[in-house]
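Student: Take a look at the letters that make up each chain.
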Amino acid sequence: MTGREVVLRLEGITKRFGKLTANDAIGFALHRGEVLALLGENGAGKTTLMNILFGHYTADSGTVEVFGKMLPPGAPGAALAAGVGMVHQHFTLAGNLTVLENILLGTRPLFGPGLGRAEARARVERLSRDFGLAVHADAKVKTLSVGERQRVEILKALYREARILILDEPTAVLTPQESEALFATLKRAVAQGLSIIFISHKLHEVMAVSDRVVVLRHGKVAGEVATAQTDRHLLAELMVGAEVALPHPAPGIAGATLMELRDVSTPAEGNRSGLCRVSLALRAGQITGLAGVSGNGQGALADLVSGLIAPESGALLVGGAEVSGWSPRAALAAGVGRIPEDRHATGSIADFTLTENAVLEGYAQAPFSRRGWIDWRRARAHAEAIIAKYDVRCPGPEARIRLLSGGNMQKLILGRALEATPRIILANQPVRGLDIGALTYVQERLIAARDAGAAVLLISEDLDEIRVLSDVIHVISAGRLSPPFARGSKTPAELGVWMAGQGFADAA
Amino acid sequence: MRLEPVADPGLVRLIGLPVLALAATVGVASVLAMLAGANPLAVLGLIVQGAAGSKFAALETLNRATPLIFTGLAVAVAFRAKLWNIGAEAQLYAGALMTVVIGTQLGLPGMLALPLMAGAAILTGGLVLLGPVLLKVRLGVDEVVTTLLFNFIMLLFVSMLLEGVLKDPMGMGWPKSPALPRDARLPRIVEGLRLHWGFGLALISAVLVWVIQVKTTLGYEIRAVGQNPQAARFAGIPVGRVMVKTALLSGGLAAMAGFSEVAGLKGSLTLDLSPGFGYTGIVVAMLALLHPLGVVLSAIFVAGVFVGANSMSRAAEVPTYIADISVATALLFMVLAILLTRFRVVRG
Amino acid sequence: MEIFEILLSASFWAAVLRIASPLILATMGELICERAGVLNLGIEGIMVFGAFAGWIAVYAGLGLWPGVLVAFASGAMFGLVHATLTVPFGLSQHVVGLGITLLATSSAYYAYRLALPQVTSPPRITPFQPLNIPVLSDIPFLGPALFSQTALTYLAFASVAVVALVLFRTPLGLALRAAGENPAAVEAQGLSVTALRMGAVMVGSGLMAVGGAFLTMSAFDSFFFEMVNGRGWICIALVVFGAWMPGKALLGALLFAGFDALQIRMQQTPMGAHVPYQVFLMVPYVLSILALVLMSRRVEVPAALMVPYNRGER
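Chains as they are written, first to last, in full-length UniProt numbering: chain Z, 1 to 508; chain D, 1 to 348; chain V, 1 to 314.
It should be emphasised that the hints constitute simulated quantities derived from the structure, not laboratory data.
Treat the hints loosely; a few may be bogus.
[To be verified] Cβ-Cβ distance ranges computed for the label pairs, FRET-style:
1. D:V19 to Z:M70: 54 to 62 Å
2. Z:R117 to V:V119: 54 to 62 Å
3. D:F56 to V:P117: 26 to 34 Å
4. Z:L317 to D:G276: 54 to 62 Å
5. D:V48 to Z:G112: 51 to 59 Å
6. D:L20 to Z:A350: 25 to 33 Å
7. Z:M70 to D:G276: 43 to 51 Å
8. Z:A350 to D:L203: 43 to 51 Å
9. D:V19 to V:V275: 52 to 60 Å
10. D:G276 to V:V119: 18 to 26 Å
11. V:P270 to D:E191: 51 to 59 Å
12. D:L44 to V:A60: 56 to 64 Å
13. Z:P109 to V:L136: 53 to 61 Å
[Stated by the list, open to error] As a list, the in silico DSBU-like pairs of lysine-lysine whose alpha-carbon atoms are at most 30 Å apart:
14. Z:K490 to Z:K19
15. Z:K69 to Z:K187
16. Z:K19 to Z:K220
17. Z:K142 to Z:K202
18. Z:K69 to Z:K389
19. D:K215 to Z:K389
20. V:K248 to Z:K142
21. Z:K202 to Z:K187
22. D:K167 to D:K82
23. D:K266 to D:K167
24. D:K82 to Z:K142
25. Z:K69 to V:K248
Glycine residues also receive a C-beta, built at the ideal position from the N, C-alpha and C atoms.
Just chain Z, same shape as in the assembly (with noise of 0.2 Å):
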């Protein structure tokens, strides 16, 4: 790689937050026609790398510097000017707005008349069909899939005549089918001269894809090295520091049926797949884990388990029997505990301490209150009992869940959810942006939970994560399920082909 041209160098950032130091002289370089790949686990300060590079952020040192130039700190818009798009993990997409008009948002100046609409339109059919990327340029964005969005967000760098592209985990909401379109996209990119900078935390991508590695760990460069010189097990030792043992638990022992679907259906709801007569049995020393990729049904499922929707046609039991004014209060009487998908906006309030925090699934009822009368006491105690036993480093039970961090945060909804002793669990996402050792942590404790006679039902849009830990796997697309599959039972191209939704024609 040596000796070709570096399009883009980064030289000693340094950004502080308060005591914290997000990134700590980080230095690289990139070159023209490679992909680059910048590795490390949630809170290595990759975003904020990101952000500085695009002005959002002034860091309080180093310099960032494209093409020769230098790029004046703090100055939103010099990046894209330069020539470097950016595919951010969270769309940057109005969703009123169509495709062309998404792609033409900035490209002109502001206060001049018209939008050039039908010269645009033509350049971007041209890019698509150059990069391999197929998109109606009037859909209103709103109505795209993922996968499409993300197509209409590299076409957005692409108009711009960007030269250097950046996806910050771009596969997180992909099938392995959409990924491997995605990969193809970026070598024909590269093969024109582009350069691409691939943000991941998913070792094997990172080696399908780049042709050398930065690795950051803890705000600081831990390692850089030539993706043919290296392999996964290094790599994972660069990213935390030292090989971590993840859980590779011993298989559950399938006990009784605890909760049951028996075709249920539920509407669908904006951009999201209802359930499509859906059966599935949960039962008690099993983790079910559920595959597929987001939007599919997945968020349907879990309000149904956790109580927050009840089924529009077909059955739903727990323990056997038929439930009938299911809600989130009769789901929890009927022992299931949650872990809800977004632990900021569905699992915790924010400006609640944690002992509030402790007691939002159960104040209502004895010991935390009587007649309708606190005790605020007993409270206190149950929440410093979960932050004792779930290690919940936290400034106190009176501090507001606010300062935690994920990792700790996550801890005392575990914490809340496991201490009622729960038949069923639903957890959702459990590990999605947690430092490895918080993830160990909350994966060990569902294991332990299974291994004491719980039903676990783990729906994540990580693979990796659903074969390591379940049991059983299936696979949700549109609103249906698959059947069941032991573990180990399948590769996971042969799930990729269920997650797209073939396997459900292949198997009618």
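Add chains D and V to chain Z, keeping to what the hints say.
Tutor: Frame of chain Z, contents of chains D and V only:
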């Protein structure tokens, strides 16, 4: 610029910024006084004197604070649940209306009439707010606009009754209700002093609301629903039912302002019963940071500004609207100051 | 029967346009703010101040059009205060909006008392006069109904076309709409959400003030307390009713003005004499609530309306 959370604000920030906000308000008022060609220090002095310079002035301020405590509590309770009740004015008039109807039409003895008047007022005030809240919960109709519009509808409704069935035959043509009989009025707290029991009820209400907020499951539910309805729903809190309970509580408190003004002070209902107590209640609640006990203090402060400005304008050539401007300015400066205790402004 | 007679008179339709004009202007102002993601509850007070500012400027010797400019500028100034607090500082748009309404209303009253300390009834100005559009105003019925209005009414209708054109046909409008839907999308293109939103709130508030000024400079000829009388709140309902589309909001304003003009005339009929006049006066407010209820489930609210945007935060 960007806002960055301050982990530990420290006393200087927590106290200094609100004090600065009040100082800035005084600054604005001074400029206004100078615009009117008056000496700002003299004007401020007259306002303070008019609000608290004598026993009479102080009691007048407390009397004026009474309805503001009620409407302030009504707003504070509702805003805690992120229920934007801007209709305290309508609920106040609804309460006043029921007070007059029960007090003058049934001919009950005072011992019976007063509790019944208060009870009916509270219930009616709650029901007036229930409409917009049900529209919000069931259909997602924004309650800000509906409660605002209800204020106008209610005032016209009261006007219609005052010129119709509720018109005082002895009122010499003025749209005014018949007066409450002597024994159906709230007594003075201390005989001979012009301060009625409405003020006592307001203080008791403030304490009750505070107890509900910190000690009961309802208070916990209201706060949870206000801070994060999605998480509240997930945790099994019946969000709709909590909203309804909040509405009944908030509307009832606002109606108590109407009850107390009619039964404690005016004795009858006219269209100028409230010079915008319902709207000023929003300022009172915000200045108190929605804390029920703080509402008492901020209501007295705001009432003092109005009473003081009223008396000042008789002595100096400065329009009384200086009070309205000051109160609005105090609100805006205060919300900004509170924000800055929690966040700092950083560049880039 | 009386209803038909009313509906067939040109003066009724002329009144509809007249009543609609301030609503149209202020509704366009609010629509711009909300499209950019800011709910502006300052509207009621800004209309009051605009009504005062335009009128007092003319009373002080300025021409009518400079008076309109003064009103616009005064509205934009209050818009600047609103936007500063709600956009970069991200304060509650409810609280700040109501605060601005209180501030603008009391400022107008204070200034009025300062300017005219001793008067019992406010002085009059010579307002905008009806402008007969050549040829068109000679058409029977339609001429007197539609083409014999004051210049401010024509301006109100023109404002709808301009707002629609800018929103849907220019880069600026595209950026504004995106700022109200997903500000991160705007920021990612190197545009400033803060600048866009603040600009929108200032221009929108200016339009609201001109809407208020219509009352003192075209519909009437002097300034009275409480003359805006809830029109601002009605405009907020009209924006929802119009589903954030300028054309539909215009239709809503006309429909609304139609009912208002009708109730005024119904009051004077023999049948109307039996009904307390307050019932008629309630009509606009009840209609606004009905409009909100009708549209509650059917519209697409700008996704980022009332959501402050803090750069770099996700």
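Student: State for each hint whether it applies.
Tutor: Hints, verified against the model:
| no. | hint | verdict |
| --- | --- | --- |
| 1 | D:V19 to Z:M70: 54 to 62 Å | violated (45 Å) |
| 2 | Z:R117 to V:V119: 54 to 62 Å | holds (57 Å) |
| 3 | D:F56 to V:P117: 26 to 34 Å | holds (28 Å) |
| 4 | Z:L317 to D:G276: 54 to 62 Å | holds (58 Å) |
| 5 | D:V48 to Z:G112: 51 to 59 Å | holds (57 Å) |
| 6 | D:L20 to Z:A350: 25 to 33 Å | holds (27 Å) |
| 7 | Z:M70 to D:G276: 43 to 51 Å | violated (58 Å) |
| 8 | Z:A350 to D:L203: 43 to 51 Å | violated (33 Å) |
| 9 | D:V19 to V:V275: 52 to 60 Å | holds (55 Å) |
| 10 | D:G276 to V:V119: 18 to 26 Å | holds (23 Å) |
| 11 | V:P270 to D:E191: 51 to 59 Å | holds (57 Å) |
| 12 | D:L44 to V:A60: 56 to 64 Å | violated (30 Å) |
| 13 | Z:P109 to V:L136: 53 to 61 Å | violated (37 Å) |
| 14 | Z:K490 to Z:K19 | violated (47 Å) |
| 15 | Z:K69 to Z:K187 | holds (27 Å) |
| 16 | Z:K19 to Z:K220 | holds (16 Å) |
| 17 | Z:K142 to Z:K202 | holds (28 Å) |
| 18 | Z:K69 to Z:K389 | violated (54 Å) |
| 19 | D:K215 to Z:K389 | holds (27 Å) |
| 20 | V:K248 to Z:K142 | holds (22 Å) |
| 21 | Z:K202 to Z:K187 | holds (19 Å) |
| 22 | D:K167 to D:K82 | violated (39 Å) |
| 23 | D:K266 to D:K167 | holds (16 Å) |
| 24 | D:K82 to Z:K142 | holds (28 Å) |
| 25 | Z:K69 to V:K248 | violated (50 Å) |
The structure does not agree with the numbered hints 1, 7, 8, 12, 13, 14, 18, 22 and 25 stated previously, though it agrees with the rest.
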